[in-house]
Amino acid sequence: MPIDILMPALSPTMEEGTLSKWLKNEGDSVKAGDVIAEIETDKATMEVEAVDEGTIAKIVVPAGTENVKVNALIAVLAEEGEDVDQLGKGVGEDEVEAGPKGAEVEPAKAEAAPAAPVPAAPKVEIAADPDIPAGTEMVSTTVREALRDAMAEEMRRDGDVFVMGEEVAEYQGAYKITQGLLQEFGDRRVIDTPITEHGFAGVGVGAAMTGLKPIVEFMTFNFAMQAIDQLINSAAKTLYMSGGQMGAPIVFRGPNGAAARVAAQHSQCYAAWYSHIPGLKVVMPYTAADAKGLLKAAIRDPNPVIFLENEILYGQHFDVPKLDDFVLPIGKARIHKTGKDVTIVSFGIGMTYATKAIVELEKDGIDVELIDLRTIRPMDLPTIIESVKKTGRLVTVEEGYPQNSVGTEIATRVMQQAFDYLDAPILTIAGKDVPMPYAANLEKLALPNVGEVVQAVKTVCYK
Amino acid sequence: MAPRKTATVSSRKSAARPVKKDFNGGTVVDFSKEQDLNAYREMLLIRRFEEKAGQLYGMGFIGGFCHLYIGQEAVVVGMQMALKDGDQVITGYRDHGHMLACGMSARGVMAELTGRQGGLSKGKGGSMHMFSKEKNFYGGHGIVGGQVSLGTGLAFANRYRGNDNVSLAYFGDGAANQGQVYESFNMAALWKLPVIYIIENNRYAMGTSVSRSSAQTDFSQRGASFNIPGYQVDGMDVRAVKAAADEAVEHCRSGKGPIILEMLTYRYRGHSMSDPAKYRSKDEVQKMRSEHDPIEQVRARLLEKKWASEDELKQIDKDVRDVVADSADFAQSDPEPDVSELYTDILI
Chain D
1 MPIDILMPAL SPTMEEGTLS KWLKNEGDSV KAGDVIAEIE TDKATMEVEA
51 VDEGTIAKIV VPAGTENVKV NALIAVLAEE GEDVDQLGKG VGEDEVEAGP
101 KGAEVEPAKA EAAPAAPVPA APKVEIAADP DIPAGTEMVS TTVREALRDA
151 MAEEMRRDGD VFVMGEEVAE YQGAYKITQG LLQEFGDRRV IDTPITEHGF
201 AGVGVGAAMT GLKPIVEFMT FNFAMQAIDQ LINSAAKTLY MSGGQMGAPI
251 VFRGPNGAAA RVAAQHSQCY AAWYSHIPGL KVVMPYTAAD AKGLLKAAIR
301 DPNPVIFLEN EILYGQHFDV PKLDDFVLPI GKARIHKTGK DVTIVSFGIG
351 MTYATKAIVE LEKDGIDVEL IDLRTIRPMD LPTIIESVKK TGRLVTVEEG
401 YPQNSVGTEI ATRVMQQAFD YLDAPILTIA GKDVPMPYAA NLEKLALPNV
451 GEVVQAVKTV CYK
Chain A
464 MAPRKTATVS SRKSAARPVK KDFNGGTVVD FSKEQDLNAY REMLLIRRFE
514 EKAGQLYGMG FIGGFCHLYI GQEAVVVGMQ MALKDGDQVI TGYRDHGHML
564 ACGMSARGVM AELTGRQGGL SKGKGGSMHM FSKEKNFYGG HGIVGGQVSL
614 GTGLAFANRY RGNDNVSLAY FGDGAANQGQ VYESFNMAAL WKLPVIYIIE
664 NNRYAMGTSV SRSSAQTDFS QRGASFNIPG YQVDGMDVRA VKAAADEAVE
714 HCRSGKGPII LEMLTYRYRG HSMSDPAKYR SKDEVQKMRS EHDPIEQVRA
764 RLLEKKWASE DELKQIDKDV RDVVADSADF AQSDPEPDVS ELYTDILI
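Chains as they are written, first to last, in the working numbering: chain D, 1 to 463; chain A, 464 to 811.
With the rest of the complex left out, here is chain D (with noise of 0.2 Å):
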């Protein structure tokens, strides 16, 4: 039997890549562990291994394709003493354009492909930005990229300004966020730490402390639980013990919440924790243009701001203004669409259950205002309230745990100070009440989907 090539998935949440390379021919013997090909994502390069003997029959898609998606056939490959000529025509030659049809070949290998919880945000009309001029040239960015034109652009005009962590500097970030940093800013100021999260929180704040202005990557913030002292006792409480002699200008970054499949250890939303805290401010981004223009601000801010990015949002692509300056505030939430019926709140990754349901209500003719609210400390209520003083109902959405969430303060704070214009109660949709388990079934049922944002909607709705 010919063995079929798939496109492989290099992370928990790549959903496609580039075919970069291929290093076989077709009609090359292959051996297992053979290097056949380089694959790209706009993470990482990496090589692929034969993992059977054989004789590779077809190439079904040309180096240099885009776009491949995970488990699409990309090759074949003829087992010893089959016929390579026969089996090399007509397969695969309509496969080359609808790549994901590769997948059907091997339907238990689909099945077992990395499920991605959340798929690809939908067009929503992105209500105009108050913060961005009319006009302004549009740039379509992902996440990723414009979490390190922040950066870079912030290390460009303050040279007070480092970043530090795990792989930041010649892996080019276990992420690739921080690409190309070392090389245009020397490993002074672009620097590896050792597997010490307590140990180079504590450095950071320390240096911060002096008046430098360091950027701290956590490869993800599971990791900065092991630091979470130098964060809360050190960085948010100095400023208040030393009756505001010194602080701690300091950026604490990297991925929160969820990826795709990497279970309870590694899955976990900490907006509600460090919301929790006088002296930090907390951002958690959806858009690229949000994260840029954030963490701008969060570089420039002379308090401790804990960034949360979503591993699963860097490789989204959203417009992001052309300006040479983009710095958005910080503490300022964002109508994402404007709507009249219902209001939703949500921030970070949630947007992305928020921004689905809101189609879909469309359909039944249920107009939502959905906030992004981007900034979980210091909050704005006000954005908030003045929403609900028009809709009379109120949705929130987020990926974290319930008890004590942001939607349940959130809540709480609505239902205190605008209570008369409320219609319905409130409902929170959050995480459910369990660590993360592994198993793909049960990993989308821990996590919120689109059904029960639409629901809870209804619900605040009366429909």
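Warning: the hint list may mix true and false statements.
Coverage of chain A stretches by chain D, computed from C-beta distances (three or more under 8 Å per stretch; other residues unrestricted) [stated by the list, open to error]:
(1) 584 to 590
(2) 599 to 611
Quick list of the computed label-pair ranges, beta carbon to beta carbon [stated by the list, open to error]:
(3) D:52 x A:681: 50 to 60 Å
(4) D:188 x A:549: 15 to 25 Å
(5) D:440 x A:627: 54 to 64 Å
Hints in this document: simulated from the structure, not taken from any laboratory. Heads up, the beta-carbon is just placed ideally off N, CA and C, and yes, glycines get one too.
Given chain D, put chain A in place with the hints provided.
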């Protein structure tokens, strides 16, 4: 359980034990008259200040935790004598002595202890959390070991800026068992950061003696895994401390990276004001006070060398008492912070 008998300083290695031959730390170099008089005055100020703080605590003027430095004065005074302007100091919660030695005002420290608006942190920090940007004193940290990473960060900043300042990170034998200390050692050695780690080994981590808490009780060797040189120093002899400090500062300033000084010292009082110190015998404390007191050693020397008469020393004592009494008066009469201060200094 009967208190264990612990070896005295004199029976331990009282001189610095060099690991590398190029270090002569602890080779006691005689002080000049001015140095001895200065050390005497500085140590006495800390002693009298702490005694007064203890009194005010007993009277209810000082609340919360209050950790006195009595007995350990030679460590911070000797170290400070080796520094230049721009060098930085950071320590843990037993910090009053460090602040006075850094030149922070007795009034400011005492008023912070009583939680008054004239305190160094406007009354918002208390005994364990005081800072002075002006004097390059970076706290005053209440989380055991936290200051070690932060102090390493101060050194990182010096290297980043390309200046020749050195940072001093003080911590105790208790903090020496915290994980982040070793994370910091690793980075400091890796990046050759100009930081002196001063382990004030006063033999007790709160109530747990070194032998009951530490597998390796020679703290000067705690950097061995990171190739950080370390030396034991008689922390009761201000001259030995100063000599070791001079060499350590030179080591750091010349770009050789971090260094560890283990100061063999002793606290006379309990861990904090609420500690009756039942884990050690009164004899042990008394023996240390009578045979190794850091202030008495200088006093005896001053008299022996006829650098000061009894009357002159009494005058110094009186001057010091006046400073302390003034700080105590201020700390009791200064108003509490304005209620509006509750919500200031949280964010800039």
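These are the hints, each one checked on the structure:
1. 584 to 590: It holds: at least three residues are needed, and the region 584 to 590 of chain A offers 5 whose Cβ sits within less than 8 Å of chain D.
2. 599 to 611: Held - the region 599 to 611 of chain A has 8 residues with a Cβ nearer than 8 Å to chain D, which meets the minimum of three.
3. D:52 x A:681: 50 to 60 Å: Check passed, 59 Å falls within 50 to 60 Å.
4. D:188 x A:549: 15 to 25 Å: For residue 188 of chain D and residue 549 of chain A the Cβ distance comes to about 20 Å; the hint holds.
5. D:440 x A:627: 54 to 64 Å: holds, 58 Å
Hint compliance for this structure: every hint is met.
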